[in-house]
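Peer 1: With chain G held as given, fit chains D, L and Y onto it using these hints.
The listed protein sequences correspond, in order, to chains G, D, L and Y.
Residues in the first sequence are numbered from 3 upward in steps of one, following the numbering used here.
Residues in the second sequence are numbered from 3 upward in steps of one, following the numbering used here.
Residues in the third sequence are numbered from 71 upward in steps of one, following the numbering used here.
Residues in the fourth sequence are numbered from 71 upward in steps of one, following the numbering used here.
Among the hints, erroneous ones may be present.
Said to hold, decoys possible - Computed list of lysine-lysine pairs in DSS-like fashion (alpha-carbon distance at most 30 angstroms, straight line):
1. G/Lys60 to L/Lys139
2. Y/Lys139 to D/Lys60
3. G/Lys125 to L/Lys121
4. G/Lys60 to L/Lys124
5. Y/Lys72 to Y/Lys118
6. L/Lys139 to L/Lys82
7. Y/Lys72 to D/Lys60
8. G/Lys125 to L/Lys124
9. D/Lys60 to Y/Lys124
10. L/Lys107 to L/Lys139
11. D/Lys125 to Y/Lys82
12. Y/Lys107 to D/Lys125
13. G/Lys125 to L/Lys72
14. D/Lys60 to Y/Lys107
15. L/Lys107 to G/Lys60
16. D/Lys125 to Y/Lys124
17. D/Lys125 to Y/Lys118
18. G/Lys125 to L/Lys82
19. L/Lys124 to L/Lys139
20. G/Lys60 to L/Lys121
21. L/Lys82 to G/Lys60
22. Y/Lys82 to D/Lys60
23. L/Lys107 to G/Lys125
24. G/Lys125 to L/Lys118
25. Y/Lys121 to D/Lys60
26. Y/Lys121 to D/Lys125
27. L/Lys82 to L/Lys124
28. Y/Lys118 to Y/Lys139
Said to hold, decoys possible - Derived coverage of chain G by chain D (criterion: at least 3 residues anywhere in the stretch with Cβ under 8 angstroms from a Cβ of chain D; other residues may be distant):
29. 51-58
30. 104-111
31. 123-136
Derived by calculation from the structure, the hints in this document are not laboratory data.
All values reported here derive from a predicted model rather than from experimental measurement.
Using N, Cα and C, we set each Cβ at its ideal position, and we do this for glycine too.
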Amino acid sequence: MIRVQREDFDVGAELRALTAHDTGIGGVASFVGLVRDMTSGTGASAMTLEHYEGMTQKQLAEVEAEARARWELSGVTIVHRYGRLEPGEQIVLVLTASPHRQAALESCAFLIDWLKTRAPFWKLEETPEGSRWVEARASDDAATARWERDGGKRSS
Amino acid sequence: MIRVQREDFDVGAELRALTAHDTGIGGVASFVGLVRDMTSGTGASAMTLEHYEGMTQKQLAEVEAEARARWELSGVTIVHRYGRLEPGEQIVLVLTASPHRQAALESCAFLIDWLKTRAPFWKLEETPEGSRWVEARASDDAATARWERDGGKRSS
Amino acid sequence: MKLLYFAWLRQKIGVETEQVALPDDVTDVAGLIVWLKGRGDNYAEALKNDKVIKVAVNQAYARPGTALKGSDEVALFPPVTGG
Amino acid sequence: MKLLYFAWLRQKIGVETEQVALPDDVTDVAGLIVWLKGRGDNYAEALKNDKVIKVAVNQAYARPGTALKGSDEVALFPPVTGG
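Isolated chain G, as found in the complex:
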């Protein structure tokens, strides 16, 4: 289940919705991304997330299908917010459920690495010096490339 929305989400409720009525699930891995206060205590630094709406939905559906082909998954939930967010607010949720622990953990890491480098979102930070577009990080590209090297790998 994929949602792109302004509203906040409740991790506990999303987890219950994903696992209800499926007692074949042995583990659920999740990742929640939060807005960090980049100004280290000298004042709040909010941000605004812009996105390319149609492409986000299409690309997320494709990467979910890829994760399901690589790992034995019972369910996937991806929620990504857009709009203005304050430090401490939740930005993104990835939940993966599987009969097997490693499949849940690996597919969750795969999906969040992918989101960081391929999902069409851009962060505009508010700083004391004005607003600034966040720059992409080489370490994020490296994290995604890892999964490309492991192309054929499928653990369950």
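Peer 2: Below, chains D, L and Y without anything else, positioned relative to chain G:
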């Protein structure tokens, strides 16, 4: 924060408690283990989790300290239940918060791998043929050994 | 062709979306970027460092050699920073 | 010495915890297991496959060569299956 308890837990509430008042956190990884119905739809298979109380607390405190030494962590929550549990019920929760996504994801995987092979818990399954102690799996030992090979590694 | 711009590319060009008629000799993504650079200083400045520009054709990532046709939706944007 | 048994080891021995006085020649974990096997058929049967038995001394994992003293708390159990 480490708890060993009979009672169920709420992942959303644990996550909020872990991240409240710390806007330096960029990501929270989690793993929830659930009781799988091993009888594949032919009837419920509950289990009872026995544990060695004093050792569990002591060992969990040590492995939390090890995770904090290896990765830059803002917070760790581990909750492990004991007693009788039905299929679909939550058994264990690992939550790791960090400024950095990879540190949260890796330390969460490390802790659950460790719990599977070192925490003194034993599962007694109820099956249609009577009760049966669950056997340890070689794949779990392999998952833990992976972290020993990576002994000096610290990502953040 | 429908063009969309995002993040600082949108700000520098000063346009969010526009409908353009491509010259016949612009047949792929690389050609589109060259042509756009000639449309004004705002385009030239925004697309100056074209190595960092990402292009999506019909909402899928494209390469410089990806072919274009008039009915395509083409988006240009900087490296993504979501998640 | 305080001894604790868990899971099927506890069931096979039929004892959850007991207080024992160690003979002087039992000085380490390996020696303790040999001594326990001689205490009755239930112990011999439970500890038969001693390669799989885990031992904790004062709530920390021990090896066959780990030294023992009378005030120790020693637990014997099968491989763990929590998580």
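Peer 1: With reference to the structure, classify each hint as holding or not holding.
Peer 2: Evaluation of the provided hints:
1. Taking the CA atoms of G/Lys60 and L/Lys139, the gap is near 20 angstroms; set against the 30 angstroms cutoff, the hint holds.
2. A threshold of 30 angstroms between alpha carbons decides the hint, and for Y/Lys139 with D/Lys60 the separation of about 20 angstroms falls inside it, so the pair holds.
3. Simply put, G/Lys125 and L/Lys121 have alpha-carbon atoms about 20 angstroms apart, close enough for the 30 angstroms limit, and the pair holds.
4. Taking the CA atoms of G/Lys60 and L/Lys124, the gap is near 17 angstroms; set against the 30 angstroms cutoff, the hint holds.
5. Using a Cα cut-off of 30 angstroms, the hinted pair Y/Lys72 and Y/Lys118 holds, with the two alpha carbons roughly 21 angstroms apart.
6. Annotation: proposed proximity of L/Lys139 to L/Lys82 holds, straight-line Cα distance about 26 angstroms (limit 30 angstroms).
7. The straight-line distance between the Cα atoms of Y/Lys72 and D/Lys60 is roughly 18 angstroms, inside the 30 angstroms bound, and the hint therefore holds.
8. Between G/Lys125 and L/Lys124 the CA atoms are separated by roughly 16 angstroms; this keeps the pair inside 30 angstroms, and the hint holds.
9. Note on D/Lys60 and Y/Lys124: the hinted pairing holds, with a Cα-Cα distance of about 17 angstroms set against a maximum of 30 angstroms.
10. A hinted pair counts as satisfied when its Cα atoms are at most 30 angstroms apart, and L/Lys107 with L/Lys139 qualifies at roughly 19 angstroms.
11. For the given pair, D/Lys125 sits about 16 angstroms from Y/Lys82 by alpha-carbon distance, which is consistent with the 30 angstroms threshold.
12. Between the alpha carbons of Y/Lys107 and D/Lys125 the distance comes to roughly 25 angstroms, so the proposed pair stays at or under 30 angstroms and holds.
13. With a C-alpha separation of about 24 angstroms, the suggested pair G/Lys125 and L/Lys72 falls inside the 30 angstroms cut-off, and the hint holds.
14. Simply put, D/Lys60 and Y/Lys107 have alpha-carbon atoms about 29 angstroms apart, close enough for the 30 angstroms limit, and the pair holds.
15. Under the criterion of a C-alpha separation no larger than 30 angstroms, the hint pairing L/Lys107 with G/Lys60 is consistent with the structure, at around 29 angstroms.
16. For the suggested pair D/Lys125 and Y/Lys124, the alpha carbons sit about 16 angstroms apart, so the restraint of at most 30 angstroms is met.
17. With a C-alpha separation of about 21 angstroms, the suggested pair D/Lys125 and Y/Lys118 falls inside the 30 angstroms cut-off, and the hint holds.
18. A hinted pair counts as satisfied when its Cα atoms are at most 30 angstroms apart, and G/Lys125 with L/Lys82 qualifies at roughly 16 angstroms.
19. This hinted pair checks out: L/Lys124 and L/Lys139 have alpha carbons roughly 18 angstroms apart, not beyond 30 angstroms.
20. Annotation: proposed proximity of G/Lys60 to L/Lys121 holds, straight-line Cα distance about 25 angstroms (limit 30 angstroms).
21. Under the criterion of a C-alpha separation no larger than 30 angstroms, the hint pairing L/Lys82 with G/Lys60 is consistent with the structure, at around 27 angstroms.
22. Between the alpha carbons of Y/Lys82 and D/Lys60 the distance comes to roughly 27 angstroms, so the proposed pair stays at or under 30 angstroms and holds.
23. As the CA atoms of L/Lys107 and G/Lys125 are separated by approximately 25 angstroms, the hinted pair is consistent with the 30 angstroms bound.
24. For the hint pairing G/Lys125 with L/Lys118, the CA-to-CA distance comes to about 21 angstroms; that is within 30 angstroms, so the pair holds.
25. Under the criterion of a C-alpha separation no larger than 30 angstroms, the hint pairing Y/Lys121 with D/Lys60 is consistent with the structure, at around 25 angstroms.
26. With a C-alpha separation of about 20 angstroms, the suggested pairing of Y/Lys121 with D/Lys125 holds against the 30 angstroms cut-off.
27. Distance hint between L/Lys82 and L/Lys124 is fulfilled; the C-alpha atoms sit about 15 angstroms from each other, no more than 30 angstroms.
28. Taking the CA atoms of Y/Lys118 and Y/Lys139, the gap is near 24 angstroms; set against the 30 angstroms cutoff, the hint holds.
29. For the stretch 51-58 of chain G, the proposed coverage by chain D is not satisfied: 0 residues have a C-beta within less than 8 angstroms of a C-beta in that chain, short of the threshold of three.
30. A count of 5 residues in the stretch 104-111 of chain G with a Cβ less than 8 angstroms from any Cβ of chain D is obtained; the coverage claim is therefore met, three being the minimum.
31. Evaluation of the coverage hint for the stretch 123-136 of chain G: breached, as 0 residues show C-beta separations to chain D shorter than 8 angstroms, against a requirement of three.
Violated hints, in rising order: 29 and 31; the structure is consistent with all others.
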